[in-house]
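> My request is simple: use the sequences and hints to build the entire structure.
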Amino acid sequence: MDTSKGKPLVILGGGGFAREVAWLVELINQRGEERFEIVGFLVHEDEGTRGEIRGAPLVKPHELTPYLPDLYAVVAIGNPRIRQRAISEAEELGCRFATLIHPETAYDRQSVTIGEGSIICWECTLTVDITIGRHVIINLDCTVGHDTVIEDCVTLSPGCHISGRNRIGKGVFMGAGAVTIEEISIGDHAIVGAGAVVNRDVPAGVTVVGVPAREKERRTK
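-5 is the number that our numbering gives to position 2 of the sequence shown; each next residue is one higher, with no gaps.
Treat the hints as calculated values from the structure; they're not laboratory data.
No false leads were slipped in.
As a list, the in silico DSS-like pairs of lysine-lysine whose alpha-carbon atoms are at most 25 Å apart:
#	residue 1	residue 2
1	K163	K209
2	K(-2)	K53
3	K53	K0
Next up, the structure:
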């Protein structure tokens, strides 16, 4: 297979964030440290089956077979639950996972680890001794403080600020502008509303909103 244009990459998702991720890939390619060629966008039928996004076609799974086993995938879906299903779909196809980090991201490469499939967008800062799991989305203008652990499939929406010594559990969704103080633990699959200030631990499966953040609802399953 001709890889002169870069590693073949399929983006799962067809919404606004998928278009932003395609733009991120273009920026990464311009820097030249790593190059990808977007071969298509894999979307659900209700998102359409024809057309293109930023010059790349919408594709069906069988159309990706010629690119295997060298095909990379990234899941550009903000909702962690839907993202997890798409991850499983990519695994079933036999894809590898690309990790996309904006070239101007500020982070300590010696002490920050970032798991495969994660997406770090423009204007983000990750300081020191931080662990980022697999398939994490850190959107525009986010900061993550020292000694923090962000587990798999978390979404930080634009403008989130995570203080030091936090633990953000699996599948957590944090809305735009959410903030935590130091030494906070947010349980698996919790939701933090946009603009919330988290000053106490959040149990698993709980939605919190407001300043300071207070429980709004609790998921029973």
